[in-house]
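Visitor: Residue numbers for the sequence shown follow numbering that gives the first Met the number 0, so the first one is 0 and each next one is one higher.
Among the hints, a few may not be true.
Claimed, not checked - Here are the computed lysine-lysine pairs in the DSS-like style, where the Cα-Cα straight-line distance is at most 25 Å:
1. Lys39 - Lys49
2. Lys39 - Lys29
3. Lys55 - Lys193
4. Lys39 - Lys66
5. Lys362 - Lys385
6. Lys66 - Lys55
7. Lys193 - Lys39
8. Lys163 - Lys66
9. Lys216 - Lys55
10. Lys66 - Lys49
11. Lys29 - Lys49
12. Lys163 - Lys193
13. Lys216 - Lys39
14. Lys29 - Lys55
15. Lys66 - Lys193
Derived by calculation from the structure, the hints in this document are not laboratory data.
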Amino acid sequence: MEKTNQPLYQQLMEDVRSQIENSLLLPGDKLPTEREFIQKYNVSRITVSKALNELKAEGLITRFPNKGSFVARSASPLAAAAQVPLEAPSALLPASASMQLPAVPEGSTSDTAFTEIACILPSISDQFSLSMVNGILSAFPMDSYICHLFQSYNPSLENRLLQKCIDTGISGIVLFPQDQPFFSEQLLYLLLQKYPLVLIDRNLPRLDTSYVIGDNKTGGALCLRHLHTLGHQRFCFISSARRDTFTVRSRINGILQEAEARNIPESSITIWDSFNKHQPYVHYQKQMMKLIREERITAFIAAESTTCAYLYSLFATMNLRVPEDISLMSFDKPLVESQRPDFFTHISQSEYLMGKEAGTILKHQIETRDPQVTHRVISPLLEVRKSTRAIVL
Numbered sequence: 000m001e002k003t004n005q006p007l008y009q010q011l012m013e014d015v016r017s018q019i020e021n022s023l024l025l026p027g028d029k030l031p032t033e034r035e036f037i038q039k040y041n042v043s044r045i046t047v048s049k050a051l052n053e054l055k056a057e058g059l060i061t062r063f064p065n066k067g068s069f070v071a072r073s074a075s076p077l078a079a080a081a082q083v084p085l086e087a088p089s090a091l092l093p094a095s096a097s098m099q100l101p102a103v104p105e106g107s108t109s110d111t112a113f114t115e116i117a118c119i120l121p122s123i124s125d126q127f128s129l130s131m132v133n134g135i136l137s138a139f140p141m142d143s144y145i146c147h148l149f150q151s152y153n154p155s156l157e158n159r160l161l162q163k164c165i166d167t168g169i170s171g172i173v174l175f176p177q178d179q180p181f182f183s184e185q186l187l188y189l190l191l192q193k194y195p196l197v198l199i200d201r202n203l204p205r206l207d208t209s210y211v212i213g214d215n216k217t218g219g220a221l222c223l224r225h226l227h228t229l230g231h232q233r234f235c236f237i238s239s240a241r242r243d244t245f246t247v248r249s250r251i252n253g254i255l256q257e258a259e260a261r262n263i264p265e266s267s268i269t270i271w272d273s274f275n276k277h278q279p280y281v282h283y284q285k286q287m288m289k290l291i292r293e294e295r296i297t298a299f300i301a302a303e304s305t306t307c308a309y310l311y312s313l314f315a316t317m318n319l320r321v322p323e324d325i326s327l328m329s330f331d332k333p334l335v336e337s338q339r340p341d342f343f344t345h346i347s348q349s350e351y352l353m354g355k356e357a358g359t360i361l362k363h364q365i366e367t368r369d370p371q372v373t374h375r376v377i378s379p380l381l382e383v384r385k386s387t388r389a390i391v392l
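Build out the structure end to end from the sequences listed, making use of the hints.
Guide: Encoded structure:
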């Protein structure tokens, strides 16, 4: 440690903070033990303890008795703003956030012992999530399991729901995590306790837990390959999530790698993230017309089915026809009232199978008390329908 006028504990704090800011330490990484800090910096245990407690107070690290200290999140301002303090376990949850399925089967006695599990998804409002939930439920016998379904909506509520599951003794969790570049203290706690937990659809890098995900990188490549084969030369990928989240980053990487393999310049691909599909259509009309007229984009890839449905309606307000004027495709199958269910070209992620695999893994963990980490990657399928067509020059 360099000699400065700063107190020793502040110097140690600055060193750890710098490693986090420069990504030398990432969310979930374990910090050296107190003894290792003492030996490395030649300081007292009191100095080390004070430095770590200060870092914990700032929210940069998490400390668990007999487990050690871990990086809790990125030190960037964005992550700092997004990190939400945990509310008390007794905090009331929105009534719409929880459902309990299945009901006790007819003929069951009131003293039947059920194993209670939880399934937490951002929302359960579209065909993709409903099919996934049905897949999860198919893995559990109705006469011995009760599944509590929760809609998390945002990272803050997700954290509260996880804490509620911990506090109430839920036996295991299938979690469709919020698409964000960091994970919460609750998830880290579940990992350290070897709690039965399976992530679905999204993997959180550096969090070594079981997961079932789609191959997003291959899905991105399939999108670009299909559109380029139709003659399109300029493309726009649009996502409602930030590009630094795992799912979006993987899809972008697949698109860019396929572009490189096909000698398509990166400048021909526009990436539009954090797209707010709750804005009125007029909000985006000018920006969208600029992409189409000035940048000559002819094909759009939506990262989410709901984003695809929004874009379809947006184009309609601009008197643009799909696919006559614009080719439009999506990850997952969009539903639009004015179109047949089989209208949109899309990447199928086999969400029912994904859910069933996740449920099967969780059931095995609960019944065998085996915390072995299992990874499943489901190959995507390109479903060519009517919303994309060959470019007409």
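Visitor: Confirm or reject each hint.
Guide: Hints, one by one, checked against the model:
no.: 1; hint: Lys39 - Lys49; in the structure: holds (16 Å)
no.: 2; hint: Lys39 - Lys29; in the structure: holds (16 Å)
no.: 3; hint: Lys55 - Lys193; in the structure: holds (23 Å)
no.: 4; hint: Lys39 - Lys66; in the structure: holds (20 Å)
no.: 5; hint: Lys362 - Lys385; in the structure: violated (40 Å)
no.: 6; hint: Lys66 - Lys55; in the structure: holds (15 Å)
no.: 7; hint: Lys193 - Lys39; in the structure: violated (31 Å)
no.: 8; hint: Lys163 - Lys66; in the structure: holds (22 Å)
no.: 9; hint: Lys216 - Lys55; in the structure: violated (36 Å)
no.: 10; hint: Lys66 - Lys49; in the structure: holds (18 Å)
no.: 11; hint: Lys29 - Lys49; in the structure: holds (18 Å)
no.: 12; hint: Lys163 - Lys193; in the structure: holds (17 Å)
no.: 13; hint: Lys216 - Lys39; in the structure: violated (41 Å)
no.: 14; hint: Lys29 - Lys55; in the structure: holds (13 Å)
no.: 15; hint: Lys66 - Lys193; in the structure: holds (12 Å)
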